[in-house]
Amino acid sequence: MWRFVARRLLHALPVLLGTTFLIYTLVFVLPGDPIQGLAGDKPVPPAVLAELRARYHLDDPLWIQYTHYLTGLLTGDLGTTFTGRRVSDLLADRWVVTLQLGLTAWVLEVILGMALGVWAGLRKGKWDDSAVLFGTTLVISVPVFVVGYMAQLVFGVQLGWLPVAGTEEGWPFAFLLPGLVLASFGLAYVARLTRSSLIENLRADYVRTAHSKGLSGRRVVVRHTLRNSLIPVVTFLGLELGGLMAGAIVTEYIFNLPGVGQQLFQSIQLREGPVVVGTTTALVLIFLLANLLVDLLYGLLDPRIRHD
Amino acid sequence: MSPAAHPLLEVEDLCVEFRTRRGTIRAVNGLSYTLHEGETLALLGESGSGKSVAAQAVMGLLDTPPAHITRGAVRLRGDDLLALSPERHREVRGTRLSMIFQDALTALNPVLSVGDQLAEMYRVHQGMGRKAALARAVALMDRVRIPAASRRIHDYPHQFSGGMRQRVMIAMALALDPEVVIADEPTTALDVTVQAQIMRLLKQLQSETRMGLLLITHDLGVVAEAADRITVMYAGRTVESASADDLYARPGHPYTRGLLDSVPRLDRLGKPLVPITGAPPLPSSIPAGCAFHPRCPRAEPRCGSEAPPFRTLSPAGHRSACHFAEEVHHAPVG
Numbered sequence: 001m002w003r004f005v006a007r008r009l010l011h012a013l014p015v016l017l018g019t020t021f022l023i024y025t026l027v028f029v030l031p032g033d034p035i036q037g038l039a040g041d042k043p044v045p046p047a048v049l050a051e052l053r054a055r056y057h058l059d060d061p062l063w064i065q066y067t068h069y070l071t072g073l074l075t076g077d078l079g080t081t082f083t084g085r086r087v088s089d090l091l092a093d094r095w096v097v098t099l100q101l102g103l104t105a106w107v108l109e110v111i112l113g114m115a116l117g118v119w120a121g122l123r124k125g126k127w128d129d130s131a132v133l134f135g136t137t138l139v140i141s142v143p144v145f146v147v148g149y150m151a152q153l154v155f156g157v158q159l160g161w162l163p164v165a166g167t168e169e170g171w172p173f174a175f176l177l178p179g180l181v182l183a184s185f186g187l188a189y190v191a192r193l194t195r196s197s198l199i200e201n202l203r204a205d206y207v208r209t210a211h212s213k214g215l216s217g218r219r220v221v222v223r224h225t226l227r228n229s230l231i232p233v234v235t236f237l238g239l240e241l242g243g244l245m246a247g248a249i250v251t252e253y254i255f256n257l258p259g260v261g262q263q264l265f266q267s268i269q270l271r272e273g274p275v276v277v278g279t280t281t282a283l284v285l286i287f288l289l290a291n292l293l294v295d296l297l298y299g300l301l302d303p304r305i306r307h308d
Numbered sequence: 001m002s003p004a005a006h007p008l009l010e011v012e013d014l015c016v017e018f019r020t021r022r023g024t025i026r027a028v029n030g031l032s033y034t035l036h037e038g039e040t041l042a043l044l045g046e047s048g049s050g051k052s053v054a055a056q057a058v059m060g061l062l063d064t065p066p067a068h069i070t071r072g073a074v075r076l077r078g079d080d081l082l083a084l085s086p087e088r089h090r091e092v093r094g095t096r097l098s099m100i101f102q103d104a105l106t107a108l109n110p111v112l113s114v115g116d117q118l119a120e121m122y123r124v125h126q127g128m129g130r131k132a133a134l135a136r137a138v139a140l141m142d143r144v145r146i147p148a149a150s151r152r153i154h155d156y157p158h159q160f161s162g163g164m165r166q167r168v169m170i171a172m173a174l175a176l177d178p179e180v181v182i183a184d185e186p187t188t189a190l191d192v193t194v195q196a197q198i199m200r201l202l203k204q205l206q207s208e209t210r211m212g213l214l215l216i217t218h219d220l221g222v223v224a225e226a227a228d229r230i231t232v233m234y235a236g237r238t239v240e241s242a243s244a245d246d247l248y249a250r251p252g253h254p255y256t257r258g259l260l261d262s263v264p265r266l267d268r269l270g271k272p273l274v275p276i277t278g279a280p281p282l283p284s285s286i287p288a289g290c291a292f293h294p295r296c297p298r299a300e301p302r303c304g305s306e307a308p309p310f311r312t313l314s315p316a317g318h319r320s321a322c323h324f325a326e327e328v329h330h331a332p333v334g
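Just so you know, the protein sequences line up as chains Z and C, in that order.
Per full-length UniProt numbering, the first sequence starts with residue 1, numbered consecutively.
Per full-length UniProt numbering, the second sequence starts with residue 1, numbered consecutively.
Check before you lean on any hint, since a few could be wrong.
[Said to hold, decoys possible] Reference listing, derived: stretches of chain C covered by chain Z, where coverage requires no fewer than 3 residues with Cβ under 8 Å from a Cβ of chain Z:
hint : stretch
1    : 87-94
2    : 97-104
3    : 108-115
4    : 118-125
If you are wondering where the hints come from, they were derived from the structure by calculation, not from laboratory data.
No residue lacks a Cβ here, since even glycine has one placed at the ideal position from N, Cα and C.
Here chain Z stands alone, though its shape is the one from the complex (with noise of 0.2 Å):
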């Protein structure tokens, strides 16, 4: 297993080389000059102006730069913003917010989201079925921020029993209910997704055989169907649990949440070439490991691909 892992690792180099590469030429090619942007309307003195074009290397053709950046990347330096801060500290606090968004959102969804998908599979065609079904689809199709909206307004403002907004309260009651409203489409998701699944290998024949071995319906279940449903299921949360880390701009905005996408937000207008090379080299490596870590998940749950 420790040999799949090294591969895997090592297969992420160039897919790590290639998404920075990616990112530093898009801010690169972005029209307009970032010391000019950061001055304003102001004038900007020639000598300074020079100065600040020499520290940053901004005269230097792309891969020269490029290559500075890659330099610095490679002795855990992510860079420095134009105002001075070094990118890890100032990432350092935001990680925790999304990180608390994140880990909220992605457990909701697999508790919730496994729950009301076995039991709608399981009560296939009844009433509770359908109401998980529709649920799920208006879920799905109504955006995230008219979800949001909805969530504040009542169970923030009407019913009180959730902060509307802000960090104030800490975890987890701050992050409940954007928690909630950032799993949403993926909650439903994964509802959609347990459910078929398991109404699908309740057909199999190893669950017939399972009936022919006189096990209790319980049994063959949760031993012989739910185990073999997941599987899907499970690519899924891996994917998504890269994602959710990832920030979510528009949550993040509706909830006031200092958090990471928050910063790619601003940082991206103030084209702070640095923060957002260096936010998103980290989000590319967090998504590397969540996709390693279902592919070992994987092993687990089906031996057919066990990587030993």
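Starting from the known structure of chain Z, arrange chain C on it as the hints suggest.
This is chain C only, laid out in the frame that chain Z set:
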């Protein structure tokens, strides 16, 4: 009556239909057979003749809805299985009555080790602990002659060859020494050489345990080798029933005769094979009268309207459902 006075397994006038939105399909339409201790009864029929559905009805594995058992009785040593509550019927499954399925690759759970799947029988039905049950599972694998059983107990189904996998399937069915084992096309998914090994194994195990074996198959070769008696099904009905030797020597139904004429036999070298014309009817549109009459070379007008009764032809218990059974029965073979 004492249990011994009852035949082991008795199926009487069994009817199963599937009620779907597109109409009702009669899959089994008056099937009767009797299986005795230590005996092998072959249920012979083409695909779609209802033989697998009938077996699942006996096992209590049909999903209701859409399947409904509309008539008939299934008696295991006199106990009517169809009258049992689902819970009681479940207790019979695996312990007194068990089933071997066709394709062990799909019929065994791919994510559980073979040992776990075998041990489950002892854990669930006898409340054994994991260790003891696994030890029994190893013994079971030895019994069906899987080499190096103690080493392979933690392997998964996909790590076994087709023949070994089917042995696992057989081991699972025999775990609790059931009185009746239903084998649904147990060798169809296997190579011919492996087929013979598996059939030999089944016969051997049968002689050890005196179990009644219901062999469901479309393969006349398998039947000839293994069966004591044969019940032939066509379109959900029993059309003929006899001892294996009698049936091969003097078939009493044109359908059986057609089946025998359509396969190569060593005792009929040099004679042309004669296929049965046409195709078996769909369960949704079974012809009136004798279901076989549109394909029957002997058919007369009355066959299309009058369903032939299931009659006894000989004192040995040869029975056939054909208006001209005696004539067919006495006609020379070949």
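If you look at each residue in the stretch 108-115 of chain C, do at least three have a Cβ nearer than 8 Å to any Cβ of chain Z?
holds (count 6)
Residues of the stretch 87-94 of chain C with Cβ under 8 Å from chain Z, three needed, outcome:
holds (count 5)
- [ ] Can you take a look at whether the stretch 118-125 of chain C is actually covered by chain Z? Rule is 3+ residues, C-beta closer than 8 Å.
- [x] This one holds; 4 residues, not fewer than the three required, reach chain Z with a Cβ under 8 Å.
Counting residues of the stretch 97-104 of chain C that have a beta-carbon nearer than 8 Å to any beta-carbon of chain Z, does the count reach 3? Contact hint for the stretch 97-104 of chain C vs chain Z: holds, 4 residues under 8 Å.
Against the hints set out earlier in the document, no violation occurs for any number.
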